[in-house]
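Based on the provided sequences and hints, a complete structural model is requested.
Sequence order for the protein chains is A and B. Reading the first sequence from the start, the letters are residues 86 to 325 in the working numbering. Reading the second sequence from the start, the letters are residues 86 to 325 in the working numbering.
Misleading hints may appear alongside valid ones.
Identical chains blur together in the list; that is why a pair holds if it fits in one copy or across any two.
In silico lysine to any residue, SDA-like type, Cα no more than 20 Å apart, as pairs [said to hold, decoys possible]:
(1) 223 to 138
(2) 223 to 207
(3) 111 to 319
(4) 111 to 172
(5) 223 to 233
(6) 111 to 246
(7) 223 to 209
(8) 223 to 315
(9) 111 to 184
(10) 223 to 184
(11) 223 to 143
(12) 262 to 310
(13) 223 to 208
(14) 223 to 182
(15) 298 to 268
(16) 298 to 130
No lab work stands behind these hints, which were simulated from the structure alone. All figures in this text were calculated on a predicted structure; none of them were measured in a lab.
Number of protein chains: 2
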Amino acid sequence: MKHARRSKPQVRLDESLLTHLPPFSKLDTRQIREILDQASSRRYDIGSAIFEEGHEAERFFMLLDGYIRVVRITPQGEQVIALHIPSGQLFGIAKALGRETYPATAITAAESLALSWPTRLWDQFVADYEGFATETYKTVGNRIGEMNTRIVEMATLQVEQRVANALLRLINQTGRKVPNGIEINFPITRQDLSELTGTTLHTVSRMLSAWEKQGLVESQRKRITVCDPHQLVILAAAKA
Amino acid sequence: MKHARRSKPQVRLDESLLTHLPPFSKLDTRQIREILDQASSRRYDIGSAIFEEGHEAERFFMLLDGYIRVVRITPQGEQVIALHIPSGQLFGIAKALGRETYPATAITAAESLALSWPTRLWDQFVADYEGFATETYKTVGNRIGEMNTRIVEMATLQVEQRVANALLRLINQTGRKVPNGIEINFPITRQDLSELTGTTLHTVSRMLSAWEKQGLVESQRKRITVCDPHQLVILAAAKA
DNA sequence: TGTTTTTCTTGATCTGGATCAAAACCGGCG
DNA sequence: CGCCGGTTTTGATCCAGATCAAGAAAAACA
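Take a look at the structure:
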């Protein structure tokens, strides 16, 4: 993990950073200014932990750029990826869950840029800024929905369908159009994909090889491009 | 499903019903009275649906007595139990998740009694009653925690350990002391347990038989008693 | 009291994926 | 440029647990 610094904005942050993001979109310029003036901004190298499970939740965050994976570690040291968070979302919002500590670890899946505020400002944000509360609870609701879906998938689907679903979700959240399809916009290993679907890197590797032969996907090291999303959707839902 | 009626309280509901429940515990008698006067109370037979996934979230609920399972149905018609809710908790709180519809179906696992309020009162409750918001967000946080745990378990543990964990969670939430151990306080089938752990009723049945031979549990039809919780904890955590 | 329905048990077989093992590949770095 | 650590691939084997199949036992019903 390389050096990274937190900075009170010497260069004042631009208001346009936040104006179009849902939790702040109903606010006027003055309010955005207030919010920004209290924020710290910081860049994180890929693979660094923004906060860790169980630690005191001192700050909450808004991901401006990059990509984050929310991870839990089992007693046996295995990692499970609980969630991916795309840019433009709040995270580390323990306060919204009535918690004093972070429930999981946040790791950057790509170089990322995030704003953060001391947790003590949370209640103030909720009280003062219209739409902030509503939008954050929507975020929470969506994450619950996602987790629910994961549970159902793990309980009922085969590995092949789980991996297909995971890929589809990833290209939806972070897909980038490239000549031959849609590429996942950050480096992702077979290992990562296996931690996301509760399987092994071996199985994922075989699966991708097979799909590549069928022209469904293309992949290089840490890069996956889905060429035929529609076919993948079919696979993802197939009964047998 | 037998007849069940909703009633505006002809017999006024007693204030002591709510005074000790977290979301209301900071309120004075007058406030509790207000809340109760706006509530409908209703009894539900075992196995009935209180509300269904996808439907308009017209009301939110407080479970006074009984037990509820939150269920999702897959496109293929398989059921997955997402969560169990013990008495004393709010449920159906779509509003707290920024949703307009219920995200899952709520089925009574035992005869149950619940109060409910029209969703339009939600914001008012949050604004007027101290501690209500905080406590409900704690509830949400706990449920997220539970779901997280389920995901991690499904991704990393063997079936035996998942079933053991499920049993332990059940006796913690609803255990009732009986001469030979702790009994799960509502009727539960092997099928239910399998839907809770993502396996089949056959496997669960074999497992319980084996445990019964070892004196770990005792079970009759729809009844399970854990005789040796400690041993079960060991099983639940075992690496191999 | 006999019949039907639901739940539970137990055996036999099969298989999706894990595990074990080894090699090839790729990129960074000294 | 050649070595080394992190990825990826692919083969071979194994086994936990699903699936298939039949009854047995308990409750519900009539």
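Hints that the structure is at odds with (numbers, increasing): Violated: hints 3, 6, 8 and 16.
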